[in-house]
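Visitor: Sequence lines, in order, name chains A, B and C.
Last residue of the first sequence: 645 in my numbering, with the numbers rising by one and none dropped.
Last residue of the second sequence: 204 in my numbering, with the numbers rising by one and none dropped.
Last residue of the third sequence: 483 in my numbering, with the numbers rising by one and none dropped.
Watch out, some of these pointers could steer you wrong.
Here are the computed distance ranges between Cβ atoms for each label pair [unchecked claim]:
hint : chain 1 : residue 1 : chain 2 : residue 2 : range
1    : A       : Tyr618    : B       : Val176    : 46 to 52 Å
2    : C       : Ile405    : A       : Val65     : 35 to 41 Å
3    : A       : Val65     : C       : Phe436    : 39 to 45 Å
4    : C       : Val417    : B       : Leu48     : 54 to 60 Å
5    : B       : Gln179    : A       : Tyr618    : 39 to 45 Å
6    : C       : Gly186    : A       : Thr635    : 44 to 50 Å
7    : A       : Lys585    : C       : Ser156    : 34 to 40 Å
8    : C       : Phe436    : A       : Gly190    : 53 to 59 Å
9    : C       : Asp360    : A       : Asp107    : 39 to 45 Å
10   : A       : Val205    : C       : Val417    : 55 to 61 Å
These are computed hints drawn from the structure, not numbers from a lab.
Note that the structure is predicted; figures quoted are calculated from it, not measured.
Yeah, the Cβ is synthetic: ideal placement off N, Cα and C, and Gly gets one too.
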Amino acid sequence: MYYAIVFLPLAGALIAGFFGRLIGARASEVITSAFLVLAAVLSWLAFFQVGLGGQDARIEIFRWVTSGELQVSWALRIDTLTAVMLVVVNSISSLVHIYSIGYMSHDPHRPRFFAYLSLFTFAMLMLVTSDNFLQMFFGWEGVGLMSYLLIGFWYQKPEANAAAIKAFVVNRVGDFGFALGIFAIFYIFGAIQFDTVFAAAPDQVGKTFKFLNWEVDVLTAICLLLFMGAMGKSAQFLLHTWLPDAMEGPTPVSALIHAATMVTAGVFMVARLSPLFEFSPTALGVVTFVGATTAFFAATVGLVQNDIKRVVAYSTCSQLGYMFVAIGVGAYAAGIFHLFTHAFFKALLFLGSGSVIHALHDEQDMRHMGGLRKVLPYTWIAMLVGTLALTGFPFLAGYYSKDAIIEAAFVAQSGVSSYAFVLTVFAALLTSFYSWRLMFMTFHGKNRSEPEVFKKAHESPLIILIPLALLVVGSICAGFLFKDMFIDKGYEAFWRTSLFTLPSNNIIHDLHDVPDMVKFSPAIMMATGFLVALLFYKITPAAPANLADAFRPIYLFLLNKWYFDELYDAIFTKPAMRIGRFLWKKGDGATIDGLGPDGVATRVLDVTRGMIRLQSGYVYHYAFAMLIGVALLATYFMFAPGASQ
Amino acid sequence: MIVADAFFYLFATVCVGAGLMVISARNPVHAVLFLILAFVNSAGLFILLGAEFLALILIVVYVGAVAVLFLFVVMMLDVDFAELRAGFIAYLPVGALIGIVLLIELILVLGAWVITPEVAAHVTTPTPPPAEVSNTQALGQVLYTKYVYFFEAAGIVLLIAMIGAIVLTLHHKEGVKRQNIADQVARRPEDAIEVRHVEPGQGL
Amino acid sequence: MKEAATTSPFLTYILALPEILLVVGAMILLMVGAFRGERSANAISWAAVVLLLLAAVFVLLLPAKGKVLFDGAFIVDSFGRFMKVLTLIGSAAAIVMSFDYMRRARLEKFEYPILILLATAGMMMMISANDLIALYLGLEVQSLALYVIAAFRTDSVRSSEAGLKYFVLGALSSGMLLYGCSLIYGFTGTTGFPGIAAAATLGQTNLGLIFGLVFFLAGLAFKVSAVPFHMWTPDVYEGAPTPVTAFFAAAPKVAAMAMFLRAVLSAFPEITPQWQQIVVFISIASMILGAFAAIGQTDIKRLMAYSSIGHMGFALVGLAAGNAAGAQAVIIYLTIYLVMNLGVFACILSMRRSDGMVEDIDELAGLSRNNPMMAFLLAMLLFSLAGIPPLAGFFAKFYVFLAAINAGLYTLAVIGVLSSVVGAYYYLRIVKIMYFDEPAEEFEAMPGKLQAILGVSGALVTLYFFYPAPLVSAASAAAKSLF
């Protein structure tokens with residue numbers, strides 16, 4: 001069964017990829033989607049088997065690398081954490097596949113698109129089922145590659161190519177840390193099997209090594225390096241810049257990769273490695289700090305964006321920050337729970353936005369929308385549910401998971417967690433505001449789009465609406481159905497050994513006993529955000545513009561995403577280009593080529609010319625050369641020491 | 001011995017001096033004459049060594065035949081030595097430097113030449129011993145026996161030189177009248193002479 | 001020579017039978033030619049080929065156990081046997097390759113094969129020389145014949161110039177050689193190689209002897225056209241008629257190198273460090289000049305001249321090792337060099353259009369389309385000359401460098417490898433011109449004789465690596481007889 005779950009997407013990808021032209025676009029779509037649906041059904045089966053039945057499994061496929069001490073196998077590690085991820089990945093992926101059939105119906109390269117989607121799913125499955133760091137890295141890079149290919153799917157668009165390259169390059173920074181972390185693990189533990197490393201981790205507590213005369217805690221160093229990878233993949237603060245740009249890709253891709261699955265790989269990775277992180281409070285502190293900062297930062301930027309997908313993208317970024325906050329304070333289960341619920345409602349929001357965009361013929365700017373509620377009633381419902389779930393409306397998915405995170409941040413009671421608590425609560429307000437802003441600007445008020453576009457706008461076909469409907473169900477139910485298992489009474493029975501916590505870590509239990517003030521704070525924030533948005537965009541539509549004029553610097557600061565792109569451009573890109581140009585022109589061209597190939601070739605020609613000039617054609621020159629030769633040799637032997645012994 | 005030494009230095013000095021003049025004389029005829037002088041002095045050196053046969057052969061063959069042939073050639077051809085020496089002057093300083101360096105080295109080396117007893121004992125003795133036979137007779141004894149190989153090889157060298165001279169210079173041009181002795185000898189008066197009776201005062 | 005046999009047992013002279021056969025045969029053919037005139041040129045050429053091959057058969061039939069005759073001046077051993085066969089094959093091939101050229105150039109003179117016969121006899125005398133006088137005489141027999149055939153095309157100014165230059169410089173080198181010989185004789189009291197070797201062991205090595213060695217080796221280096229005594233080579237190769245160039249590049253080089261080998265190895269084994277330094281110097285200079293100067297050439301004959309200078313430098317690397325392995329490497333090198341060169345010149349001789357021979361490298365452009373077989377074989381030969389595995393030329397270089405490294409001459413080996421890299425450029429350039437440039441006008445069809453030689457040469461070079469054992473073991477036996 002697990003083989004089928006993991007390899008069905010691969011089979012679909014291979015069929016669609018290599019035989020797509022042969023079998024046609026329709027067949028490619030059907031085959032890949034059917035395989036994915038099958039895999040999704042099996043994933044749910046596995047989820048119940050593992051999560052409720054407690055049947056962990058480890059399936060070795062074959063030995064991969066045997067090199068000295070390094071022994072690596074391809075193996076599927078199936079435990080609760082994996083099962084949760086399998087469900088998320090395969091469910092969302094299958095829905096996205098189906099959705100794409102409708103959404104991409106006018107694209108000539110559909111077989112390629114579906115092959116990419118399926119291959120991405122396979123890579124993601126490799127990542128979540130990995131049994132060792134190398135396999136995880138394979139999946140990690142696999143999803144990175146597929147993300148690159150899918151962002152740049154419309155390769156005719158320069159922006160798409162630029163975004164794809166940006167995503168790849170920014171991820172390289174994180175992956176560099178990740179790779180270093182893996183090297184360090186092999187160096188310290190002599191193995192890269194999860195089990196071996198986890199078993200040996202407690203022995204390494206407090207050990208240090210010297211780096212540049214600086215005592216570094218072994219586990220902290222490893223964890224921080226690994227977390228660097230997570231930051232890149234999950235678009236955390238400082239390495240987040242690629243995610244909004246990645247929206248250049250087709251919307252189903254954004255839903256699958258840049259909302260539900262790939263970007264959560266960082267969260268998954270830290271959760272999977274909880275037996276390491278748990279021993280390094282410093283690293284966890286950093287995780288919390290980065291997560292909280294991201295949650296707040298992304299939310300502020302989301303306030304003023306006008307591109308519908310970018311708003312959702314910043315929202316994703318912000319929500320990922322929440323997940324890291326949960327993990328950072330030790331509430332791994334809360335983080336994963338939020339990952340789980342978030343996957344549904346964020347995919348719903350993306351696919352809903354996609355439906356809007358589809359209806360308006362690729363219009364993405366919210367300033368050119370409005371009043372679509374009547375035209376797109378089903379989409380409006382879907383978006384409404386998604387927004388409610390995201391903002392944490394009671395009894396919807398986000399309500400349980402997000403509140404749990406905020407409570408956990410409160411319970412943790414350290415300097416960093418207080419910081420996290422304040423920021424997450426405030427971010428909840430911002431989340432509510434920008435979500436409702438999106439709703440109001442898109443679906444309410446007067447139409448601001450071109451009249452003929454608006455006239456032609458129509459509700460999406462069934463093939464798009466069905467996935468939306470399923471996601472609506474998920475967004476509503478995922479919270480209260482699974483709350484007990486994930487973070488409440490069923491916690492131990494459900495997670496068992498897949499998430500490791502120190503005996504002293506009781507945060508999951510403690511978070512249910514928080515002051516009422518804390519318990520209600522998210523709800524209050526949500527309500528406040530809604531009211532402000534209502535005020536700004538429904539009642540006094542002039543207010544936002546006035547406000548923006550009044551606080552122009554702040555507005556521009558937010559609109560320009562805290563000037564991160566400009567900052568990186570100035571600090572990294574431009575100097576890198578300058579260094580690159582310098583190394584190319586001066587370093588490679590003038591120095592290496594000049595002294596190397598070109599220079600040698602030129603010198604050879606010079607020498608040749610000199611030698612040819614010697615060949616003058618005059619006999620007395622030739623005779624002279626012979627005499628000089630003899631004289632040189634004779635003189636040499638006159639003076640050479642030891643020549644005449 | 002002092003007389004012999006004195007003559008050695010006389011012949012040697014004149015020989016080298018004549019050699020220098022051969023290459024530096026302006027008039028080619030003078031150069032050939034200096035060449036003859038050098039040959040004669042070399043012959044004198046041979047006589048001092050007791051090689052009277054070689055000395056006389058040198059006079060007879062080189063002076064008597066080769067040098068005279070040179071003289072004819074030089075006189076018949078208009079060789080412009082000044083032109084030939086144009087490059088010579090330009091390269092004289094460098095050439096002289098190399099030559100002088102080499103010369104000094106050779107003097108240093110050969111001046112310190114001592115024949116060690118071991119090598120002296122090793123030296124091949126001439127065959128047959130010069131005390132018993134004159135060197136003409138000695139040459140006669142070894143030329144076709146011990147040195148037959150060298151002699152024949154030298155003969156082949158000369159043969160090749162002859163073939164080469166003919167190949168490179170003999171052109172059978174069409175339309176050139178040549179003397180054919182057989183034809184001349186076989187010719188009879190009636191082939192060559194036709195008697196015509198010419199009437200006086202009429203012409204042909 | 002026969003009439004002089006009375007004082008020696010006649011039967012020992014049979015050891016010199018191949019030489020006697022060539023000389024006497026040459027004289028008989030000369031008579032035939034003189035009386036029958038130019039009409040007989042073709043027949044005499046074939047007769048000369050037959051004589052050369054017959055001589056080769058005799059060389060192989062004769063015992064080869066280090067016998068000497070003519071009072072020690074002439075030695076017959078397995079080294080000599082190997083080299084003589086090589087030389088004879090080279091000469092025979094040169095005559096075979098000349099037929100068409102000579103006919104087209106109206107040069108059908110019966111003296112040409114006769115001069116080659118005599119030159120070959122001189123080469124065999126050089127190879128067998130065991131005495132300074134014998135060496136010099138052999139050298140002169142060979143050289144004089146070569147001077148003449150270099151200038152053979154009397155209607156061409158360049159040919160005459162080539163002959164004259166060769167002659168003048170050859171005379172200078174002979175003078176140096178003789179000067180060296182007389183110094184050596186003066187310091188050792190003998191002209192025989194064994195005697196010189198024995199005298200050199202006595203007492204201190206004399207600087208005078210070393211001076212003699214310097215002049216002597218300068219004379220020898222001229223004959224193998226090693227730098228700085230190489231200056232005649234490009235001009236003579238370019239000016240001489242092409243079949244003559246083909247001959248020059250093959251047999252005389254082999255013979256001169258064989259003479260070089262025997263002279264230093266059997267006459268001066270006791271002062272190996274001294275001559276080794278000289279050989280290393282001229283070897284390095286030759287390799288470098290051969291590699292660099294060839295790059296600037298546009299005339300293929302001139303290019304082959306520099307190529308042969310470079311190859312002689314490589315062969316001298318093996319000699320510099322100064323041991324049996326080195327000598328073996330040189331012998332193998334010369335064998336492969338001969339085969340490669342004959343093949344390349346077969347191609348050069350086929351560069352003919354209706355309006356005459358062409359010699360410019362660019363004329364080979366697009367040969368791969370006009371004559372794919374010839375282009376392929378020529379490319380193989382050029383790759384082999386460049387020393388690219390698995391062709392024979394690679395092994396030739398491999399053996400000499402291996403010998404040098406085993407003898408501790410690392411610098412020499414490194415310089416050799418580097419210059420062979422530089423040298424590869426101009427060989428590959430020809431291949432590039434043949435395969436990638438726009439085709440030039442087509443050549444006339446290749447004559448059958450040249451086809452045969454090119455085919456055999458290409459096959460040997462390409463397939464050598466399948467079965468190198470015969471050559472290696474024969475060369476090993478030949479090298480051992482020198483020590």
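Visitor: Does each hint hold? Answer for all of them.
Guide: Okay, the hints, checked on the actual structure:
no.	hint	result
1	Tyr618/A x Val176/B: 46 to 52 Å	36 Å, violated
2	Ile405/C x Val65/A: 35 to 41 Å	38 Å, holds
3	Val65/A x Phe436/C: 39 to 45 Å	43 Å, holds
4	Val417/C x Leu48/B: 54 to 60 Å	57 Å, holds
5	Gln179/B x Tyr618/A: 39 to 45 Å	42 Å, holds
6	Gly186/C x Thr635/A: 44 to 50 Å	21 Å, violated
7	Lys585/A x Ser156/C: 34 to 40 Å	53 Å, violated
8	Phe436/C x Gly190/A: 53 to 59 Å	55 Å, holds
9	Asp360/C x Asp107/A: 39 to 45 Å	59 Å, violated
10	Val205/A x Val417/C: 55 to 61 Å	57 Å, holds
Taken one by one, the earlier hints fail for this structure at numbers 1, 6, 7, 9, listed in ascending order.
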